[in-house]
Amino acid sequence: MPGRIIKWIDQRFPLTSFVEHELTSYPTPRNLSYWWNFGFLAGFVLVLQIATGIFLAMHYKADTALSFDSIQHIMRDVNYGWLLRYMHSTGASAFFLVIFIHMARTLYYGSFRTPRELLWWTGQGLLLLLMATAFMGYLLPWGQMSFWGATVITNLFRATPFFGDQVVVWLRGDYTVGDATLSRFFALHYLFPFLIIGAVAVHMVALHSVKSSNPSGINLADKDNIPFHPYFTAKDFYGLGVFLIVFSIFVFFMPDSLIEPANNIPANPMQTPNHIVPEWYFLPFYAILRSVPNMVGGVVAMGLSVMMFSFMPFLDRSRIPGGAHFRPIYRVQFYLFLLDMLVLGYVGYIPPTNQTLLIGQVATLCYFGSFFLHPFISKAEERWMRARGLPPELLALFEKRPPREKLTREGEAA
Amino acid sequence: MKKETLSVGDCGDRRNFLIKLTSVVGGAGVAATCVPFVASMNPSSDVLAKAEAEVDLSGITPGAMRTVAWQGKPVFILRRTPEQIKAAGASDGGSDPEPDSKRVQNPEWLVVIGVCTHMGCVPNKEGPGWVCHCHGSQFDDSGRVTRGPAPKNLEVPPYRFVAGNKIVIGKA
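Protein chains in written order, with the numbering used here: chain A, 587 to 1000; chain B, 9 to 180.
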C-alpha cells in the first residue's frame, strides 16, 4: 500500500527523485569533519526558535504597558512558559554561536573560494537577517537593556545623509522608542524568521549546486564522495546530540547567564543604566563602533566590519588550493583574527576608559588591516610557498589552475 | 493575407512602446501604493499630539535640576546659580563651540534635551554638567560637549516663558 501511494505521488510530483537527488544519492565528501555539522545545527536552531517563538507569541503582549508583565506572566503562570522562554532566549545565543563557528570553518578551510562565492554571499545575507531578527526580538521584553539597546541602534540611522533625523523617527514611529516601535518590532520579529527560511532555501540550492567543500580544500574525485543519507544524517544527528547536551545545560541550569540583569528592570525612557552592553554576539562590532571617535565614521566602520567577510573571495589572491591547513601564513592570520575578535569582544563588554579606548582602536585597526592587507599577504604567501616547492599533489592542481580561472560546471568540458 | 497588411516592423515598435509605457505606468502605480505603507510607519496623530509640554518652574531651587518628558524625551531644566552662570559664560565649550548666551533665554534657566547627541542615551548629572555613561561623553552646565564622542552639544528645544514661572516646551 505505501508503495502504491508513493507511485501515485511520483506520477504527479517528483517526490522519489527529489529525495534521491538531494539526500539518498546526494554526493558528499567522505572526509567531512565535525566542523561541517554547524550548518545543520543552525537549521535545527532556526526551527527551534520558530517553534518556541510561535508559542511564546500566544502569551506575549506587544504593548509598552503590558509587555514587561506579560513576560513575567509567561515565566510564572503559563504552563512550561519558563521553558519556552528560556529555550528561546538561550536559542538566540546558540544560533549566533553555531553561525560564528560555521563562518569560522568557512574561513579556515577556504570554503568561500571559487566556485562557492554565491554560497558565501547568501550566507552573509542570512547573517544580516539573523542580526536584525535578534535585535528586534531583544526589544520585546521591554526591560532597560531592551529599551536602551533599541534606542542606541535606531540612533545609528542618524548617520543617514540628509534625512538622518527623519529616518530615525520613521523607524521608531515616535520621537523616542515607544509603543509604535514595540508593536512594529514584534510584527517584524515574527516575519523575519520566515524570510530567513526563504533565504535558507536559496542557500541550500546554491550548496547543492556546487556541493560541500571539504577539509582538503580541493574537489574530490567521484569515488571519494558518499551519499548524504545515511552517512551524514547519522553524523549530523550525533552532533545534534552533543549540541543538545550543551544547550540543555544552559537552558536548565544557567539560563540567566545569557540575560543581562538590568533587563529585569522595566524600560525607563528617563534614565539610562550606568553601563549598557549589547548581547555577547554583538560585542566585537559594538567595540568597533565605540572605537571610532567620529559618529558617522563609527557607524560606517561597524557596518563595514560585518560586510568585510563578503569581500573575502576578492581579497584572497592566493592560487594555492586548499584552506588554512595547507597555508601556514593564512593559518596564523586566521588565529590572530580570532584573537582580535576576542579582544574586541572584551573591549565592547567593559565600560569605556582611555586605555580600553586605545586597545579597541588598535584592535579595530588590526581587524580591518587583516582584510585590507590580505591581497598582499596571500600573494606573498603564494610566492613564498612556490619558492619552497609545493607537494606534488598541490603542484599538479596549481598548474591546472590558470591565473584567471574560468569556472566550468560539472559535465562541461574543463 | 493578414500578414501582408500588417507591417511587422511598425507592429514591433508599437508593441515595444506600449510595453514600455505600461511598465512605467505600472511601476508608478506600485511606487504610489508603497506610500501609504511607508507613511503608516511615521508618528501617528496621537504621538504628534504630545508635541507640547507645559512645565511649572516654581519649586526648583537654585542649583537643582528637574527632568520632564517632552515628546517622550527627557528634557533637563537646570536652575543655575550665579557661579554656574559665570563658569558657563567663561568659555565657549569644547568640540562644538557655542556661547552660553545663545543657548539660554534667561541665564538662570538652562533648558536642554537630555539625550546624548552621540547614541541617544540619557546623561547623568555629575559634578559640573553631565556625563553620558554609554560612551563617556561629558557636557558642561550649558549642555555643551566638553569631551567624548558626542558630535554636538545637547540640543536646546523650542520653548517660551509664559506667566512668569511657567514654560511651554515645543513649537506653538
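Don't read these hints as lab results, they were simulated from the structure.
Treat the hints with care, as some may be off.
To be verified - Here chain A is said to cover these stretches of chain B; the calculated rule only asks that three of the stretch's residues, wherever they fall, bring their Cβ under 8 Å from a Cβ of chain A:
id, stretch
1, 134–145
2, 149–155
Said to hold, decoys possible - Selected chain A positions facing chain B (Cβ under 10 Å, derived; list incomplete):
id, residue
3, Ala-678
4, Gln-752
5, Tyr-761
6, Met-856
7, Pro-879
8, Met-881
To be verified - Across the chosen pairs, the derived CB separations fall in these ranges:
id, chain 1, residue 1, chain 2, residue 2, range
9, A, Asp-842, B, Asp-104, 19 to 27 Å
10, A, Asp-842, B, Met-49, 30 to 38 Å
11, A, Ser-795, B, Asn-24, 42 to 50 Å
None of these values were measured; they are calculated from a predicted model.
The C-beta atom is built at its ideal place from N, Cα and C for all residues, glycine as well.
Hint-by-hint comparison with the structure:
Using a Cβ-Cβ cut-off of 8 Å, 5 residues of the stretch 134–145 of chain B lie near chain A, which meets the minimum of three, so the contact claim holds. Coverage of the stretch 149–155 of chain B by chain A is violated [criterion: at least 3 residues with CB-CB distance below 8 Å; count 0]. Hint on Ala-678 of chain A is violated. Least Cβ distance to chain B is approximately 22 Å, over the 10 Å limit. With a least beta-carbon distance of about 9 Å to chain B, the hint placing Gln-752 of chain A at the interface is held under the 10 Å criterion.
About 4 Å separates the beta-carbon of Tyr-761 of chain A from the nearest beta-carbon of chain B, less than 10 Å, and the hint is met. The interface hint given for Met-856 of chain A is met, as the beta carbon of that residue sits about 5 Å from the closest beta carbon of chain B, less than 10 Å. Interface hint status for Pro-879 of chain A: upheld, as the beta-carbon distance to the closest one in chain B is roughly 6 Å, under 10 Å. About 5 Å separates the beta-carbon of Met-881 of chain A from the nearest beta-carbon of chain B, less than 10 Å, and the hint is met.
Asp-842 of chain A and Asp-104 of chain B have their C-beta atoms about 42 Å apart, which leaves the hinted 19 to 27 Å range violated. In this structure, Asp-842 of chain A and Met-49 of chain B meet the distance hint of 30 to 38 Å, their C-beta atoms being roughly 34 Å apart. With their beta carbons about 35 Å apart, Ser-795 of chain A and Asn-24 of chain B fall outside the hinted range of 42 to 50 Å.
In summary, the numbered hints that this structure violates are 2, 3, 9 and 11.
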